[in-house]
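*Asks:* Residue-level listing of the chains:
Protein chains: 2
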Amino acid sequence: MSDVPHGCQEKLAAMRLEIDALDRQIVDLLARRQHQVEDVVALKKAHNLPVYHPAREEDLISARRDQAKAAGLCPDYIEEIYRIIMRRSRVTQAGHMAGKAVRPGATVLIVGGTGEMGRYFADWFTGAGYLVRSMGSRDWDRAALLCEGIDLCLISVTIDKTPEVIRKIAPYLPAHAVLADLTSIKKLPLQAMLDAHPGPVVGLHPLFGPTTSTLDKQIVVATPGRDENACRWVIDQFSLWGAVIVRSTREEHDKIMEYVQSLRHFATFAFGQFLAAKKVPLARTLEFSSPIYRLEMGMVGRLFAQDAGLYAEIIFATPERRAMLKDYIQSVSQNLAMLEKGDKDGFKAQFQKIAEWFGPFGEQAIRESSFLIDKLIERF
Amino acid sequence: MSDVPHGCQEKLAAMRLEIDALDRQIVDLLARRQHQVEDVVALKKAHNLPVYHPAREEDLISARRDQAKAAGLCPDYIEEIYRIIMRRSRVTQAGHMAGKAVRPGATVLIVGGTGEMGRYFADWFTGAGYLVRSMGSRDWDRAALLCEGIDLCLISVTIDKTPEVIRKIAPYLPAHAVLADLTSIKKLPLQAMLDAHPGPVVGLHPLFGPTTSTLDKQIVVATPGRDENACRWVIDQFSLWGAVIVRSTREEHDKIMEYVQSLRHFATFAFGQFLAAKKVPLARTLEFSSPIYRLEMGMVGRLFAQDAGLYAEIIFATPERRAMLKDYIQSVSQNLAMLEKGDKDGFKAQFQKIAEWFGPFGEQAIRESSFLIDKLIERF
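Going line by line, the protein sequences match chains L and V. According to the working numbering, the first sequence holds residues 5 to 384 in order. According to the working numbering, the second sequence holds residues 5 to 384 in order.
Worth double-checking, as some hints may not be accurate.
Once the Cα atoms are required to be at most 35 angstroms apart in a straight line, the calculated DSBU-like pairs of lysine-lysine come out as [as the list claims (entries may be wrong)]: (1) L:Lys-221 / V:Lys-73; (2) V:Lys-345 / L:Lys-172; (3) L:Lys-330 / L:Lys-282; (4) L:Lys-221 / L:Lys-357; (5) V:Lys-357 / L:Lys-282; (6) L:Lys-352 / L:Lys-330; (7) V:Lys-172 / V:Lys-104; (8) V:Lys-221 / L:Lys-73; (9) L:Lys-104 / V:Lys-73; (10) L:Lys-357 / V:Lys-283; (11) L:Lys-283 / V:Lys-282; (12) L:Lys-352 / V:Lys-172; (13) V:Lys-348 / L:Lys-282; (14) V:Lys-345 / L:Lys-330; (15) L:Lys-191 / L:Lys-104; (16) L:Lys-330 / V:Lys-282; (17) L:Lys-345 / V:Lys-282; (18) L:Lys-282 / L:Lys-345; (19) V:Lys-191 / V:Lys-330; (20) V:Lys-330 / V:Lys-282; (21) V:Lys-357 / V:Lys-259; (22) L:Lys-104 / L:Lys-48; (23) V:Lys-345 / L:Lys-191; (24) V:Lys-221 / V:Lys-259; (25) L:Lys-352 / V:Lys-282; (26) L:Lys-49 / L:Lys-191; (27) V:Lys-49 / L:Lys-73; (28) L:Lys-348 / L:Lys-282; (29) V:Lys-48 / L:Lys-15; (30) V:Lys-49 / L:Lys-15; (31) V:Lys-191 / V:Lys-221; (32) V:Lys-330 / L:Lys-282; (33) L:Lys-348 / V:Lys-283; (34) V:Lys-282 / V:Lys-352; (35) L:Lys-221 / L:Lys-259; (36) L:Lys-259 / V:Lys-352; (37) V:Lys-357 / V:Lys-345; (38) L:Lys-221 / L:Lys-73; (39) V:Lys-348 / L:Lys-191; (40) L:Lys-73 / V:Lys-15.
Keep in mind the hints are simulated off the structure, nothing from the lab.
Can you build the whole structure from these sequences, using the hints too?
*Replies:* Here's what the structure looks like:
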């Protein structure tokens, strides 16, 4: 660099020192942030609050993106850095918790333990050092023996059989044993458990299936029934495995699940139903497909690769669900006139109203799904 | 969270404010750092010094790792962040070099070049070294001038205006110029182009929107019109940008797009329409959501964050599309009786038949979407 004027070299050196000083401050702030996060985690643990908070993470990302834009920085760049910062806190928290039991050596009976979901949780409890007993539909003559001295009875049968199984098993349970179910509705099973068992009761709804390899950030909804203190260790065990516990009432849970499960699956079913009826050339449409269409078709194909009975239970679970789905069909049908008239303006007016209702979620959805599309492109 | 003491909630809120304050400072410092780097790059360029300096990067990483260790942070974590910070500076510098031209210096006129998609492709062509002219709806009095000596005329207006714009612009085109459109239907525009322009004609349909940051592995459908050899450089240019070219006839294209676009977007629209009508508590459902629900809601939210007019065009583009959508509404409605009767067995029988029709695609969809769900979990 002998051809460089001396003044310029000095100036460059000074600018670099300035950057070094900024970097020292950045790392110093990151350290202070990490310690603050550790304090939050400690406080949350002391009060048994869920550690991970997806909504707060998205708020935080949005705020930092806005700040970046205002400061002339690329918001994606700042988001990339903050994804690492937030993953770090989660890793730190989860690292020292895996595979431990909240109540080592306690005995867990899984009723329906020979089904897919039952076996799945049997593995998790066994792995954490619990004594696990499984009970199938042919084991009722051994029910008394299987229930002897258990600390938790987990009902893992299909929705339609759950109330009956609860009534049948309850008389065998020790008074102190926690009774919990895993079905995707909560009003009926919780009431059945409260009626049949005088001891601690909690309704659980794991929002994932038995193909999920890690519980990290998977959701378990917990609806309290009776004696929350006595039930806490069960909920804590799911937290310890990395699951996020969402507390809810049975009424709120069932209302929200109408949409999150029943509507969504029914809409997907109806979409696949139409593709099949029209004999759409699936393979060729995939050749014509943008990554996002591939992703959407994947959601449809995924449904039909799973168990028909499971989806029948989810969709037909309650009269409320069926009534809501009939409303949905009405709602879809109301567009007939618009299509017949070719009423683009009517469509646009409705679209705008719905977009307003979605609010900032739309932008966030673009970011999230764009990220996934990039991943899909990277891989396929 | 009614079981949490009030003081604890307050303390948590205060701690979060503290974290927010730290985050603001961090982003502020990152912005100051970026500006400082830009000054360094400018100074280096002025003196023809090499911009990228690997040795300095490694020194910097080492210093930050040491600082992290001293502050009780994981050095790998800080290195991960600093790799992003430094990649950013390199990307900023390299940004204006990307893009080679198949026919450097050729002139491209984009009719509708002031619209979103038009501007998007204007940027790509400009970036690759083409001379780009943009024409908006107020530029018709300058049409002759704008068309003088052009090599490609790209029609980028909405579907409903495309045939008319083609007829108006064609008389001004040089005989050798390639005429191409970008609409999502191909029969009508291609016929209009063939009728109006005696030179090379090709129909193009890019299966992505203007928010796509890379063309890598994105699909462009090409439907031949006239003089394929003369059109080749245009198609090759899209290939060079990384797009995958799918060749099709206009008839096949339009048939497949009924499903890939019109049906899919209409179904998503109808889903969002119902959520809005029912005032579903969106934020709370997301708290209850498994990653896959989040992904599916993302698809819905994504639609409504985009342009209403664009979707109106796609959905209402042709009488065939509207007829197909009416069939779809009929198909969804046929499930009313099943819901009214609570006919689970009928549902299961239909489900099985559809699953058979999907065939091996279902398993593939499970694999693909499971991969994406893992990515989603990693990130969110």
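*Asks:* None of the hints should be skipped; say for each whether it holds.
*Replies:* Hint check:
{"no.": "1", "hint": "L:Lys-221 / V:Lys-73", "in the structure": "holds (29 angstroms)"}
{"no.": "2", "hint": "V:Lys-345 / L:Lys-172", "in the structure": "holds (29 angstroms)"}
{"no.": "3", "hint": "L:Lys-330 / L:Lys-282", "in the structure": "holds (23 angstroms)"}
{"no.": "4", "hint": "L:Lys-221 / L:Lys-357", "in the structure": "holds (33 angstroms)"}
{"no.": "5", "hint": "V:Lys-357 / L:Lys-282", "in the structure": "holds (13 angstroms)"}
{"no.": "6", "hint": "L:Lys-352 / L:Lys-330", "in the structure": "holds (25 angstroms)"}
{"no.": "7", "hint": "V:Lys-172 / V:Lys-104", "in the structure": "holds (32 angstroms)"}
{"no.": "8", "hint": "V:Lys-221 / L:Lys-73", "in the structure": "holds (29 angstroms)"}
{"no.": "9", "hint": "L:Lys-104 / V:Lys-73", "in the structure": "holds (29 angstroms)"}
{"no.": "10", "hint": "L:Lys-357 / V:Lys-283", "in the structure": "holds (12 angstroms)"}
{"no.": "11", "hint": "L:Lys-283 / V:Lys-282", "in the structure": "holds (33 angstroms)"}
{"no.": "12", "hint": "L:Lys-352 / V:Lys-172", "in the structure": "holds (28 angstroms)"}
{"no.": "13", "hint": "V:Lys-348 / L:Lys-282", "in the structure": "holds (23 angstroms)"}
{"no.": "14", "hint": "V:Lys-345 / L:Lys-330", "in the structure": "holds (12 angstroms)"}
{"no.": "15", "hint": "L:Lys-191 / L:Lys-104", "in the structure": "holds (31 angstroms)"}
{"no.": "16", "hint": "L:Lys-330 / V:Lys-282", "in the structure": "holds (13 angstroms)"}
{"no.": "17", "hint": "L:Lys-345 / V:Lys-282", "in the structure": "holds (26 angstroms)"}
{"no.": "18", "hint": "L:Lys-282 / L:Lys-345", "in the structure": "holds (24 angstroms)"}
{"no.": "19", "hint": "V:Lys-191 / V:Lys-330", "in the structure": "holds (21 angstroms)"}
{"no.": "20", "hint": "V:Lys-330 / V:Lys-282", "in the structure": "holds (23 angstroms)"}
{"no.": "21", "hint": "V:Lys-357 / V:Lys-259", "in the structure": "holds (24 angstroms)"}
{"no.": "22", "hint": "L:Lys-104 / L:Lys-48", "in the structure": "holds (19 angstroms)"}
{"no.": "23", "hint": "V:Lys-345 / L:Lys-191", "in the structure": "holds (22 angstroms)"}
{"no.": "24", "hint": "V:Lys-221 / V:Lys-259", "in the structure": "holds (23 angstroms)"}
{"no.": "25", "hint": "L:Lys-352 / V:Lys-282", "in the structure": "holds (19 angstroms)"}
{"no.": "26", "hint": "L:Lys-49 / L:Lys-191", "in the structure": "holds (29 angstroms)"}
{"no.": "27", "hint": "V:Lys-49 / L:Lys-73", "in the structure": "holds (26 angstroms)"}
{"no.": "28", "hint": "L:Lys-348 / L:Lys-282", "in the structure": "holds (25 angstroms)"}
{"no.": "29", "hint": "V:Lys-48 / L:Lys-15", "in the structure": "holds (11 angstroms)"}
{"no.": "30", "hint": "V:Lys-49 / L:Lys-15", "in the structure": "holds (14 angstroms)"}
{"no.": "31", "hint": "V:Lys-191 / V:Lys-221", "in the structure": "holds (25 angstroms)"}
{"no.": "32", "hint": "V:Lys-330 / L:Lys-282", "in the structure": "holds (13 angstroms)"}
{"no.": "33", "hint": "L:Lys-348 / V:Lys-283", "in the structure": "holds (24 angstroms)"}
{"no.": "34", "hint": "V:Lys-282 / V:Lys-352", "in the structure": "holds (28 angstroms)"}
{"no.": "35", "hint": "L:Lys-221 / L:Lys-259", "in the structure": "holds (23 angstroms)"}
{"no.": "36", "hint": "L:Lys-259 / V:Lys-352", "in the structure": "holds (24 angstroms)"}
{"no.": "37", "hint": "V:Lys-357 / V:Lys-345", "in the structure": "holds (20 angstroms)"}
{"no.": "38", "hint": "L:Lys-221 / L:Lys-73", "in the structure": "holds (30 angstroms)"}
{"no.": "39", "hint": "V:Lys-348 / L:Lys-191", "in the structure": "holds (21 angstroms)"}
{"no.": "40", "hint": "L:Lys-73 / V:Lys-15", "in the structure": "holds (31 angstroms)"}
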